[in-house]
Every structure is written in structure tokens, then in C-alpha cells.
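No gaps in the numbering here: position 565 of the sequence shown is 565 in my numbering, and each next residue is one more.
One thing to keep in mind: the hints can contain errors.
In silico DSSO-like links for lysine-lysine, alpha-carbon gap of 30 Å or less [stated by the list, open to error]: (1) Lys-631 / Lys-641; (2) Lys-531 / Lys-163; (3) Lys-517 / Lys-637.
What follows is a list of derived Cβ distance ranges for each label pair [claimed, not checked]: (4) Lys-111 / Gly-422: 33 to 41 Å; (5) Asn-316 / Phe-493: 46 to 54 Å; (6) Glu-634 / Gly-527: 27 to 35 Å; (7) Gln-150 / Leu-22: 49 to 57 Å; (8) Glu-512 / Gln-66: 22 to 30 Å; (9) Lys-104 / Gln-633: 22 to 30 Å; (10) Ser-343 / Met-188: 36 to 44 Å; (11) Ala-94 / Ala-306: 20 to 28 Å; (12) Ser-249 / Ser-343: 42 to 50 Å; (13) Asn-570 / Arg-479: 16 to 24 Å; (14) Gly-244 / Ser-121: 53 to 61 Å; (15) Ile-298 / Gln-150: 31 to 39 Å; (16) Gln-382 / Phe-246: 18 to 26 Å.
Keep in mind that the hints were calculated from the coordinates and are not lab data.
Idealized CB from N, CA, C, for every residue including glycine.
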Amino acid sequence: MKDGYGMRNAYHNFTIVEGAFLSSLFSDLRTDTYSPSTSCKIFLPKASGGLRPYTLLTVRDQVVFQALMNIVAEQLYPKVKAGYYTKTFGHLYAGEDSPWFYKKWSEGYRKFNNTARTAFSDGKNFMASFDLVACYDSIDHKVLRYYLNQIGVPKDATELISKCLSVWTSTDHEERIYQGHGIPQGPMGSGLLSEVVLMAFDSEKRTHGVTYIRYVDDIWFFAKNEEDLRVELVRMDKICKKIGLFPQSSKINIRQVKDIETELKSVSSVGEDFDEDGKVDYFSVLKSVTPSYRITDISKFRYSSARAKADSLLVNRLWRIFKNHPTTYSQLCTAIMRRGKLSDVCKKNIKVLLERRNPYADIHASFIEVLCKLDLNPEDAQVFSSIVKGRFGTGQILRNSDARLSAVVFEFLYKNKRLTDGQKKFICRSPFWYSRREIARFLSNEDSLLIKSFLADEMPDVQISAAESIVDHDIQIPRDSLRSLPDAYFKNFGLKTSGSAEPCKINLMLAEILNRKVRIDWKSLLGRHYKQALMVLVQCRASTTTNIGAWICELDVFNEMVVRSLFERNTGSSLVGTYGSVINQNQSGSPFAITHPAIFRACVAIHERRVSTPTAHAYGVKSKLPTVTFKYQEVSKYKKKQNQIINSLASIYPEI
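Put together the whole structure using the sequences plus the hints.
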């Protein structure tokens, strides 16, 4: 895998602007204007033929998620520490004094195996394993909130966790369906978050004489008879039904163990195959666990393939293993890159692989990355460039549903000069922030204008990636005002800038509420009302999915501040009377209505609907009839009304 999908480089760049970055993030969290960004998903193939979603978060979201998990860890630890290395062995919190978040995984795995050996040696030779289906994907957010409340996590932290998870678990960039279940696989803190729910299994009272051990969602029981194990399995099934997880029936079984070592999936024995000189022949270990090129021990396979000498023997064997086990593509690609050159066998096999249809985008991405990293001769570069461009095409790069494949295809075609200027600009509009961030890193100084364009990207990760390229290639900094993070990045390198332009938070809030870009100079318009207007919009945004009746009320309150500000700007005096009385007392012929007719009509429509809801009044102000609940079906209608106000204001107070 390339530098952890480039995240290590991204973290390094953000440390350069650490002060400005954390100050801005803290301000957003304190004012409740922080919103999680959409994640990028990379779908990794599973041995079963399905897909495992790997979640990439922006650096900003990673920091927030880890900060939240630090809070969760401190609340969870007192409840579960007694079970460390006796019941639970994975995702063990190391404590706030440790430089690491988790205790060493290998130590936990070793003790997990040793506890199983001890149970077996004590005569408990009946064993049952209990597996869960897609554990991370299945965790229900309501169940998670329940357990977070149980362990004492503050309410505001719990609410923010739920809000973030809903955004990060969405998988389709074109049709964002926000789900009520699942935690992202990939971020370090997710393991601990899963423990909040999985501890429900640990706290259950066990049958006397039964040994229970759990490594994440891998649960084992040992007993001296089959009946006790069956009781435990039924009990576990009931817990699953209570917390919304699903047992994997095909992997749940009771068996009498003859040899405990055959049950253990330990990697510790790999290092025991030493020769007389004290060195391990890892290629021999690899051969021993892949008879007939089929894997018998996946842990030993991964361990030995990573340490065996990267020669033709290793690469050729891994190709044959890959044909039987497609999920070993990462070990094969790593070995080819370690060797540093493509053999004729590799060229032939990669050519065939890229030309064939393959449902796994990450397999294609990994082999194209190999082609990017190795120095191909001109003939091979031309052949593979034609295959990649013909197979994936520039249009498909932009539409491709896999962020990593989009990025590496661009990198390979760009490196080999197979993209026109128009195609470069087209692909730079990728819907994935991850792809845009990587593209900004790949571009050379001959495309300085494209690199500079990324400085205005909405995602800080893309902005900083572009700033890094500008510094590396010694490109002249744009004269236009910069966003705050690129500005801070350049200044930390001693480079002069024309100043930073922090995005207006009211514009950001309205963009989320109305699903459109808004560019209005609100500080010039609202003046002293700016801070209050922002607070109202923060609540309005939060109400969009939680309390639609409050949403129309808060939108109306915001419009009141807009009208008051416009009145003050136009007349030099404050608005007299209540907002409702001013716009409802036959004011269509007033100077304000004449000066701003579209704003006036839209404000009246929103206000009249607001006062006719139970959230505002029990009975209508004019009709005296019971008010009518505001419904979700009406939202689009009143968003259009609000957009009429925004369009008019944009022409009067444009953001410069």
C-alpha cells in the first residue's frame, strides 16, 4: 500500500500548519459549526468474494474522531480493564500516559493463544467458536449511543459521534444515503468504539467451568462437555438479538479438540523455523504453507512473503498463488516493487489482468501503482499506457466509484504524458477529495495553474497538498487572497503572501441547508447582527434532519436579521416594530418592498408559513384556526423561497 494511502505525508504537512489548523478546528467545534466531511471508500476484496470497505477520513476528521475516542477510552477503561488479558485480548486501551493508544496487539494475541492452551490442558477439550457477520458494518448507532450513555460519555460527545458516523458510513458518492448503522473500518479509533458494544458479551455471566475469551469479534469457549457450550451459544445468540448484531451460523460449531495447536491462528511460530545459523529461510516457510499454491495458514503466508528475498522465485510463486487466491494481490505487488523490475512473466500477467474485466477496483489500482513506481522502458510504457487509457479512459476516471483507482490511473497516464490539457482539467474535477489531493501531488510545475487552482478547494487536505507542490516546484504563489491554511503553510516557509481569506461560516451553513454554494459578504450586510445570525443558522442546520418545524422557524428568524440589516443600510435607521408587523401590514407598497421585491415576497411567504405552525402558535394569527404542522414534503418549496432571497442578496453584497 502506498504510504498508508498517502496519509503519512498528509499528517506531516498538517504539522507544518499545526497552530492555524488546530485553532480553526477548535473554533468550529466551540461554535458548533464543525461538520464532518464525506469519507472516501476503498473497497478491498474478501476471500468470500465480497467487499470490505476501507474508510479514508480527512486529516481534520481524523483529529476529531481520535479526540472523541480519547474521551470514550477514558470512560470505558474502568469498566473493562479487569477483563484485559483474561476475557478480552484485542483493542486494549494503553492509558493516557502511554505514547500509544492501544497495548501491543501481538502481546494480546500471544496471551489469547496461551489462555486457549491453558484451558485445553485443564481438560476442557470441547470448544465452540462464535463469529459475527460484518461486525463493524452492523453496529447500530442507537445501540452504540445507549452504551456510550451507560459508560458516562458526555451527551454532546455522543451526539457528535453519531453525527459523524452517519456521514462517514455512507458509501456512494453520487447518492449519499446516510445510514443508522456501521462504524468506519480503517481509522484507529474504530476498534475501541466497537469494544463499547462488544463488551456486552464480556459482562454476561458464564456457566461454571466454561472459559470465555474474545479477540475483537472472534469469540471462543472451552468446556469439559458439549452441553455447557450449547448453553453459552444460545446465550450469545440472545445477546446478539438484543444489541442488533448477527451471528455467522456457518462458522458457529461445537467440536472436540484433539490438538489445540491446529485451532490457533498464531503467527508466533513463524520465527521458530530457524536454521543452524540462526536465520529463517522464509521462502521455505512460504512453500510449506502453500502446497499446490493454495494457502493453508494465512498468517504464516503474510509473514513469510513479506520477509522472503524478493527474487524471481518469490515473485513467480506469488503469481501462481494469486491465481488461486486473488486477495493476495497486495503481497504480490509489494514483492514486485521490492524486486524493482518487471520480468517478462510480470509484464504478460499484468497486461492480461488489466485487459480483463475485474470487479475489484483495488486490484487494478495496485498493479497500476506498480507500473507507476517502476521505471519502464519506452516500449513498455507505451504499451501499458494504451491499455490503461483504453480500459479506464478519462471519462471513466472521473466517474469511477473508487477514489484510489481514479488517482493512480491519473498518475500513470500523467507520468507517461498521455493526457491532453483538457483531459487534465476534466479529471481534476474528481468528486473524491482523496483523488484531488493525490492529483495535486502528482502535477509538475508545467501545470502550475492547475496546482494553484487546488488552493481554493473546499477540502483542507487538497489545499495543503497543492501548497506542498508549489513549495517543492518553486512555483510563484498566487497574488489572490488565500485560504488560511495554505497562507500559513507558505508563511512557515518564509514565503510572502497577499494574506488569507477565511471562508465565511454563514456561507458554509447556508450551503449545507440549501444544498448549494453561497457567496455573499455577510459581514458587510449584517454588521452587528452577524454573530447572532450565525448562531441561528447553526441551529437551523441541525434541525434539518431532527426537527423540521424548528427549521422553518429558525429560517424565518435569520431572515428577520437580514431584513433589519437591509433596512438599516437603506434608511440609516433601525426597523421600528416587530418583524411580523412590518412585513404583514400591507407593506407591498413600502420603500423596502419596492427596493427589494423578490426578497420581500419570499420573506413574507416563509414568515406566514412559520406563524401558521404549532411550533410558533397554537392558532393562526389571522384565521384563528388551529395551526398546521410543517411537513418534510414542504421543505423543497421553502428552500426555493430562501434561494430567491440568496440570489438577490448575492447581486447586492457579493463575496469578493
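Hint check:
Of the supplied pair hints, the one linking Lys-631 and Lys-641 holds, its CA atoms being roughly 16 Å apart against a limit of 30 Å. At most 30 Å may separate the alpha-carbon atoms for a hinted pair to count; Lys-531 and Lys-163 meet this at roughly 24 Å. Proposed proximity of Lys-517 and Lys-637 is supported: the alpha carbons are some 18 Å apart, at most 30 Å. With their beta carbons about 59 Å apart, Lys-111 and Gly-422 fall outside the hinted range of 33 to 41 Å.
Separated by about 47 Å at the C-beta atoms, Asn-316 and Phe-493 satisfy the suggested range of 46 to 54 Å. Distance hint check for Glu-634 and Gly-527: the Cβ-Cβ separation is about 32 Å, which falls inside the suggested range of 27 to 35 Å. Taken as a hint, the range 49 to 57 Å is violated for the pair Gln-150 and Leu-22, whose Cβ atoms sit roughly 31 Å apart. With their beta carbons about 24 Å apart, Glu-512 and Gln-66 fall inside the hinted range of 22 to 30 Å.
The beta-carbon spacing between Lys-104 and Gln-633, approximately 55 Å, falls outside the hinted interval of 22 to 30 Å. As the Cβ distance of Ser-343 to Met-188 is approximately 37 Å, the hint placing it in 36 to 44 Å holds. A beta carbon spacing of about 25 Å between Ala-94 and Ala-306 agrees with the range 20 to 28 Å that was offered as a hint. Checked against the hint of 42 to 50 Å, the C-beta distance between Ser-249 and Ser-343 comes to roughly 45 Å, which is consistent with it.
At roughly 35 Å, the beta-carbon separation of Asn-570 and Arg-479 lies outside the given 16 to 24 Å, and the hint is violated. Range check, Gly-244 to Ser-121: about 37 Å between beta-carbon atoms, so the 53 to 61 Å window is missed. Distance hint check for Ile-298 and Gln-150: the Cβ-Cβ separation is about 36 Å, which falls inside the suggested range of 31 to 39 Å. One distance hint, 18 to 26 Å for the beta-carbon pair Gln-382 and Phe-246, is violated here, with the actual separation near 51 Å.
Violated hints, listed in ascending order, are 4, 7, 9, 13, 14 and 16; each of the other numbered hints is respected by the structure.
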